[in-house]
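Chain B: place on chain A using the hints.
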Amino acid sequence: MSPTGLRLYRLVLLAYPAEFRRTYGEPMAQTFGDRLRDGDVTLSRLMLTEAFDAARAAPLMRWESRMNRTIIIVAAATVAVAASIAAGPMALILIAPIALAAALWWTRQNQPVASASASRRWMVWLAAGLAALGTGIGILATAGGELSAAWWTVMAASLLAGIAMTIIGIILGLDHRSHRPSAPTTL
Amino acid sequence: MTEREDIRSFLPLPASVLHILVALADGEKHGYAIMRDVAAVSDGAVKMGSGTLYGSIKRMLEQGLIEETDERPDPGLDDQRRRYYRLTQLGQRVGAAEQHRLASLIGAARIRQLGLDVGGAW
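If you read the sequences in order, they're chains A and B.
Residue numbers are given in the numbering used here: position 119 of the first sequence equals residue 119, and the series is strictly consecutive.
Numbering-wise, the numbering used here comes out as the position in the second sequence, counting from 1, plus 1000.
If we strip away everything but chain A, and leave its shape as in the complex, we get (with noise of 0.2 Å):
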């Protein structure tokens, strides 16, 4: 198969969820080029039949990654409520940030390529929280146990996304390390 075949059809691939592409690409790319061998069909006409197969079966299938993505991250939502519900608002502190970490988690893993600010994420969240939790205990710190209810409510706002953020900074960052060196996917 002539590599610019090969390079046309990958771009027909893109059509296809990530997820899809990821399982199936190779497979696909393969029968394509067997088909070509073949000789039954010239490029031309297989491009047009394979983008038309795209156009028609592509859609119903972002459709559908995009309702399971749905029904995780409201899954995630009503369980962190419920958490809340049953062991008082201070469980949504701990539980929603780990629902949101597993929403974005997802999220990640349907991209084809991990971009670079993907990647960076993480230390982002980190850096945020720590940040947030410096600036409460800073507070804390200068004041004393004097505080006015204005700078009591900014001095636990900022400990609580402190540490909100803190942990979906921990998240991510595990899950980054987990996955690398992730190969590339190249289609």
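Think of the hints as simulated: they come from the structure by calculation, not from any bench.
Take these hints with a grain of salt, some might be off.
Now the in silico label distances, taken between C-beta atoms and shown as ranges [as the list claims (entries may be wrong)]:
| id | chain 1 | residue 1 | chain 2 | residue 2 | range |
| --- | --- | --- | --- | --- | --- |
| 1 | A | Asp40 | B | Ala1015 | 18 to 24 Å |
| 2 | B | Ile1106 | A | Leu174 | 54 to 60 Å |
| 3 | A | Ile72 | B | Arg1083 | 25 to 31 Å |
| 4 | B | Arg1083 | A | Gly138 | 56 to 62 Å |
Ideal Cβ placement from N, Cα and C applies to all residues, glycine included.
Chain B only, in chain A's frame:
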């Protein structure tokens, strides 16, 4: 849910799924072999694209109608990267149930002489 009800929940099968079940009825095949078999059995009337084929294969694997196999008809001659598929017991039962359903439908069409008014020609 009884096994019979479980099998009936798959029916009627989408055309692409039925074609793949028929293609795999005489043994395991890889994607391109399935594609060629579908075209041959349908006398060229059905030409499945790769997206339709592998989209159906994905769903059939999830439903347990087919499974991947490591067995190769001739390991020496074949590309090791190829994925082979074969029917599961559930796939065979669902295929048989669909065959029975279609046979009943065709029988009813014959009894009611569908199409005979126009000479049975198409």
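Cross-check of the supplied hints:
1. For the pair aspartate 40 of chain A and alanine 1015 of chain B, the beta carbons lie near 22 Å from each other, so the given range of 18 to 24 Å is met.
2. The given range of 54 to 60 Å is respected by isoleucine 1106 of chain B and leucine 174 of chain A, whose C-beta atoms sit roughly 59 Å from each other.
3. For the pair isoleucine 72 of chain A and arginine 1083 of chain B, the beta carbons lie near 27 Å from each other, so the given range of 25 to 31 Å is met.
4. For arginine 1083 of chain B and glycine 138 of chain A, the hinted distance range of 56 to 62 Å is satisfied, since their beta carbons lie about 58 Å from each other.
Comparing the model with each numbered hint stated earlier shows that all of them hold.
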